[in-house]
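Asks: Residue numbers (the numbering used here), protein chains in the order written: chain A, 573 to 923; chain B, 594 to 925.
Hints are computed from structural coordinates only; laboratory data are not their basis.
Being a predicted model, the structure only gives us computed values, none of them experimental.
It is possible that part of the hints are untrue.
To be verified - In silico EDC-like cross-links for lysine to aspartate or glutamate, where the CA-CA straight-line distance does not exceed 16 angstroms: (1) Lys731/A <-> Glu584/A; (2) Lys677/A <-> Asp713/B; (3) Lys844/B <-> Glu594/A; (4) Lys835/A <-> Glu915/A; (5) Lys879/B <-> Asp612/A; (6) Lys613/A <-> Asp801/B; (7) Lys835/A <-> Glu704/A; (8) Lys647/A <-> Asp815/B; (9) Lys613/A <-> Asp803/B; (10) Lys773/B <-> Glu628/B; (11) Lys773/B <-> Glu646/B; (12) Lys647/A <-> Glu866/B; (13) Lys844/B <-> Asp612/A; (14) Lys761/A <-> Glu601/A; (15) Lys647/A <-> Asp709/A.
As the list claims (entries may be wrong) - Derived DEER-like restraints, expressed as beta-carbon distance ranges: (16) Arg610/A <-> Arg749/B: 43 to 51 angstroms; (17) Arg820/B <-> Gly719/A: 54 to 62 angstroms; (18) Gln851/B <-> Val683/A: 27 to 35 angstroms; (19) Thr711/B <-> Pro688/A: 42 to 50 angstroms; (20) Gln738/A <-> Asp713/B: 53 to 61 angstroms.
Note that beta-carbon positions come from the ideal geometry of N, C-alpha and C, so glycine has one too.
Letter by letter, the chains look like this.
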Amino acid sequence: MDIKQVFRTLSEASGVSGCEAELAQHIQEACPWADELRTDKLGNLIMLKKGQSPGPRPKVMLAAHMDEIGLIVTKIEEDGFLRFSTIGGFDQRVLLAQEVVVHGKQKLTGVIGAKPPHIQTQGEQRKAVKMEDLFIDIGLDSAEQAGQVVQVGDLVTIKRGVSDLQGSFMAGKAFDDRAGVAAILECFKALSTITHTADVYGVATVQEEVGLRGAVTSTYGITPDIGIAIDVGFGDSAGLPDTGTIKLSQGPGIGIGPHVHPKLLERMVETAQEWNISYSLDPTPNPGGTDAYAIQVARAGAATILLSIPLRYMHTPVETLDYQDIQRTGRLMALFIAGLDHEFVEGLTCF
Amino acid sequence: MKEIIAQLTEAFGPSGYETEVTDMIKGMVEGYADEVRTDVLGNLIVVKNGSPEGKKVMFAAHTDEIGVVVTHIDDKGFLRFANIGGVGVATLVGNRVRFANGTIGVIYQEKGDWKELTLDKLYIDIGAESKDEALTKVRVGEFGIFHREFADLGNRLIAKSMDDRIGCAVLIEALKKIDKPTNTLYFVFTTQEEVGLRGARTAAFGLDPDLGIALDVTLTGDMPEARRMDVSLGKGAAIKVKDSSLIAHPKVKELLVQLCETNGIPYQMEVLEFGGTDAGAIHLTKAGVPSGTISIPTRYVHSPSEMVDIRDVQACIDLVVAVSNQDLTGVF
Numbered sequence: 573m574d575i576k577q578v579f580r581t582l583s584e585a586s587g588v589s590g591c592e593a594e595l596a597q598h599i600q601e602a603c604p605w606a607d608e609l610r611t612d613k614l615g616n617l618i619m620l621k622k623g624q625s626p627g628p629r630p631k632v633m634l635a636a637h638m639d640e641i642g643l644i645v646t647k648i649e650e651d652g653f654l655r656f657s658t659i660g661g662f663d664q665r666v667l668l669a670q671e672v673v674v675h676g677k678q679k680l681t682g683v684i685g686a687k688p689p690h691i692q693t694q695g696e697q698r699k700a701v702k703m704e705d706l707f708i709d710i711g712l713d714s715a716e717q718a719g720q721v722v723q724v725g726d727l728v729t730i731k732r733g734v735s736d737l738q739g740s741f742m743a744g745k746a747f748d749d750r751a752g753v754a755a756i757l758e759c760f761k762a763l764s765t766i767t768h769t770a771d772v773y774g775v776a777t778v779q780e781e782v783g784l785r786g787a788v789t790s791t792y793g794i795t796p797d798i799g800i801a802i803d804v805g806f807g808d809s810a811g812l813p814d815t816g817t818i819k820l821s822q823g824p825g826i827g828i829g830p831h832v833h834p835k836l837l838e839r840m841v842e843t844a845q846e847w848n849i850s851y852s853l854d855p856t857p858n859p860g861g862t863d864a865y866a867i868q869v870a871r872a873g874a875a876t877i878l879l880s881i882p883l884r885y886m887h888t889p890v891e892t893l894d895y896q897d898i899q900r901t902g903r904l905m906a907l908f909i910a911g912l913d914h915e916f917v918e919g920l921t922c923f
Numbered sequence: 594m595k596e597i598i599a600q601l602t603e604a605f606g607p608s609g610y611e612t613e614v615t616d617m618i619k620g621m622v623e624g625y626a627d628e629v630r631t632d633v634l635g636n637l638i639v640v641k642n643g644s645p646e647g648k649k650v651m652f653a654a655h656t657d658e659i660g661v662v663v664t665h666i667d668d669k670g671f672l673r674f675a676n677i678g679g680v681g682v683a684t685l686v687g688n689r690v691r692f693a694n695g696t697i698g699v700i701y702q703e704k705g706d707w708k709e710l711t712l713d714k715l716y717i718d719i720g721a722e723s724k725d726e727a728l729t730k731v732r733v734g735e736f737g738i739f740h741r742e743f744a745d746l747g748n749r750l751i752a753k754s755m756d757d758r759i760g761c762a763v764l765i766e767a768l769k770k771i772d773k774p775t776n777t778l779y780f781v782f783t784t785q786e787e788v789g790l791r792g793a794r795t796a797a798f799g800l801d802p803d804l805g806i807a808l809d810v811t812l813t814g815d816m817p818e819a820r821r822m823d824v825s826l827g828k829g830a831a832i833k834v835k836d837s838s839l840i841a842h843p844k845v846k847e848l849l850v851q852l853c854e855t856n857g858i859p860y861q862m863e864v865l866e867f868g869g870t871d872a873g874a875i876h877l878t879k880a881g882v883p884s885g886t887i888s889i890p891t892r893y894v895h896s897p898s899e900m901v902d903i904r905d906v907q908a909c910i911d912l913v914v915a916v917s918n919q920d921l922t923g924v925f
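Looking at chain B on its own, in the form it has when it is part of the complex (with noise of 0.2 angstroms):
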């Protein structure tokens, strides 16, 4: 599994460019599926069929990551740039950019105070001497992302866009132990979850599905000074409560805490103060989806190097097999 973690965190893919991701997807996919397909916002969407009294369930999970669009390239050939989805300033200064025919940038800042930085204060250098020769190399609307190589630290993994490949992993995971489920699954690898949950809305309305799932990252509290947060990394699948997207079906959110009572798989409640998740554009879909997250505890999230712990992604990996095979009948 690592290896796939490996894979897929260090591929190209900012939100509206995912086809590196997905493709990728498609090729470990292969064999474990019903029927593979995409829909015309990009998303990857992955069949398993159950029983015909089985409910249709959708799990999602984004295949996009934050990053750069250049907004300008001066004479001198430096490159301005905008944010592609919820980039902090503090990550940026020293890091490295990579755009999609490989093209690697460092991020440096004009003089002035660190208090003070601001994204219009940052610029890309791609080691060009002029504008003509940044040109052979990059456009306006080139999007990049951040260059960072997955690193194994025995139970703890860093990587970029862990935010959301390894909610990829657990889908891709699970598919693997899954042989005859109860309920028809869709395991949909979404896109552009980063810049307003858009893959998985209209994703949600072709599959009007029973019941929806998110996979997706949480934050932690378990570090030096940080701010409250009743997550830690190693204890398990984080159910979520709530965040600014969604508030967990009461429902869902049951059997979820019921399907790992019983199951000995390991969990905490989540309650997010900020962010959201595909969850919160599913639950919304037509006349209304039951819809509850599933999340991987996660340090560090959209910095280049995001923490996750191995036991809780066997975890998350449990939960959803649990949830394929679960008779649903009169719940949703």
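Next comes chain A alone, as it looks inside the complex (with noise of 0.2 angstroms):
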């Protein structure tokens, strides 16, 4: 199974927050190394990969969101144009002339439509043209046309495809956290041939984006000992501080903060330095932001840590990123995965 490969499809696929059934029946398919695959009632998908040892195991969840963010149709105008608001936090300035699918009866390609610069007053010019005043034309000219095709509540995607650039550099959609999602896959890839005594949960996570929902109902029907949440961090990139960036190509940010168990940090940074995979260490003194908070409380809690795949532009159609982080994400993960025991797991309640 060509990771990168699946990798691709996945950016390229349409999956927004609350309709992520096309991402599991993809990730599904490129997954083979599960025992066990099921979605639950929210449509995580939970891949299972059990230890090789009597149990009770220890449990160990990984979680990466599918969900991306999208755009939801509000009104159908009289004209045919479509208006629209956000699914999640779209940066609206990059939405501007760009091409989308409208996922109405079919499939849609619209454009993002835009006043001409010969006709902008001058203050126009200047400014970033606010989301209720875009449109998106799928060509059709008048509200009775479009509706037979499209209705409110109709959800829209950024059509757009995954870019090589030089080297291991890739851009696209959707990478937050598709990502994640991949580096799950590298995992279990890698533990297909290590031995491991926990039983393994990959759960690609639904409704991130919105507020880590799937998350907190995964979490809660698993119950796990330990979480490791992967998504992405920002990236390095010009204009940007150094503080608050992890840089690219040199592995995963390891998360430091409120919501990362300090036994696990410890164990987590000695297997990178055993193995000599490259990381950054990562402050995040935030917990709020990803599926390591909602894992962390659910339930009577678990110890948790956060691995961030470094990522420019995020939240706009050329996320950008080094596919050798992913990799190394995945193998840093299994490593670790292999080099825990019941005694370990034990000692984590001691805080």
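Work from the hints to combine the two standalone chains into their complex.
Replies: See the structure below:
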């Protein structure tokens, strides 16, 4: 299984928060290493790879979200143009002149139109266009025609293929957080050749972009001892300060903060050093933003850690990363899991 | 039905103090339910048993309303207050407040610019001439509601706390029409929705339903120069696609659309850019509950004069009845 190719497919597939079924199907087909596959009531895909020790075995949950930010149709205008709002935190400055797919009765290509620069006033040229002034043109020129194929509430995704940049760099949409999903697949693949004690639950979660919702319910169902959230982190790029960013091509950022269990942090860093896997330390004092938080506080609590794959231009259609960072993240997780035993996991409860 | 709506909307029930409303509903559903109970947070749970192969369906409408809480009483007997739930400052000046013991007061503002009006520049005057006199009527920590009577305009009705007593009325009227439902139904009249979906959260944990549906108001965009929103009064039940608290489960959304289509119930699709409902709490319960919301289109939400259309209310009732009798085997 060529996971890099799978990653391309996942990036180009459509799965706005709340409608991730197409993604779950692709991921399921790309994971021959799992012993069990199931989806739960909210649509989380749960891939279980059992440990090789007599039970009860420790449970490790890997969580990466498969949903992407998107748009939703709010009104069909008399002249057939579609008004829209966002699902998740889109950077509205980049929406102008994008090609989109409207998921109506069938998939319809559309464009987000813009007023030509020739007839903009001077004031307009200096300002970003507000979302309420934007519209999608699907090439139908009346509400009646458009209403045959589109209705209020239909979802819209950006139409964007993956581009290979120089070296192992790639650019595309929804790398946040299908990069994390690819890292889970890399981890499962690596684990297929390593002995491990723990049961590993790889979860492609739903609805992270609207409030960590899939992680809340999937964690309740799994009740893990250890939770590893894999998400994207702010990669270094021109114009961004060194602080608060992680460098591309230097492996995952290992989170430090209230959502990271100190013993997991220590063990993760030791594992990276022992196996010579590059990593960055990534202080993230605010714990609210990733699935790690949802896992940490479910039921009676779980020991959690966050791995961040460095990503540039987050929440735009040209998110950029180094594929080798995904491979490094997968390998680091596999070796971390291989090193777990009952004694270590029991020790986590003695904070 | 208008009589029930009038009684419910004129009742006193700020978040946390909903007993007057839940007691009233208890009386209204008497004789129609198989079981009526309350839980620790005050949620009223009305059970209607279905067939053994039916699913567990939870319907939720909240009984609480937005209001105020007294934070300070000054030497001259004027009250300062904080909000309970999402209270819009612009709706307050000149409006009246009522406390649990019947004390009435008027809200007014200090001198200053309208544009810079904030809650801390407002006070309540209960007609007391001194702090001591005020203390005979209210205390710090006392909860109040907006005092406003129900009005019948024909097809359209206005009242305070249509949000969400109209949802309660829908469930009560639906219950009366249901004889032997396919599914076991839990009509939950929830508490503390306006302060964070609190009652629904615990009620859903206790019931662990197969399907969750909230009944609540939604905004409309059919007034002069209104914010863009493709929901109108009189165009039927609104089936929610999303709000801030929930993305409706695709199967729930499809079920509601299909039931409207097959039963000839007028409906409209709703995308709400702000706000949430009890379904936001229900769907994240335990390992997850497929959930959606049936919304009653309402103008002027969170003002003392919220307006609904009785034909939309009827459509919502019909839709609840349709869900109750639908065979959901293999769907949820």
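Asks: Hint by hint, work out which the structure violates, then give me just those numbers in ascending order.
Replies: 2, 7, 17
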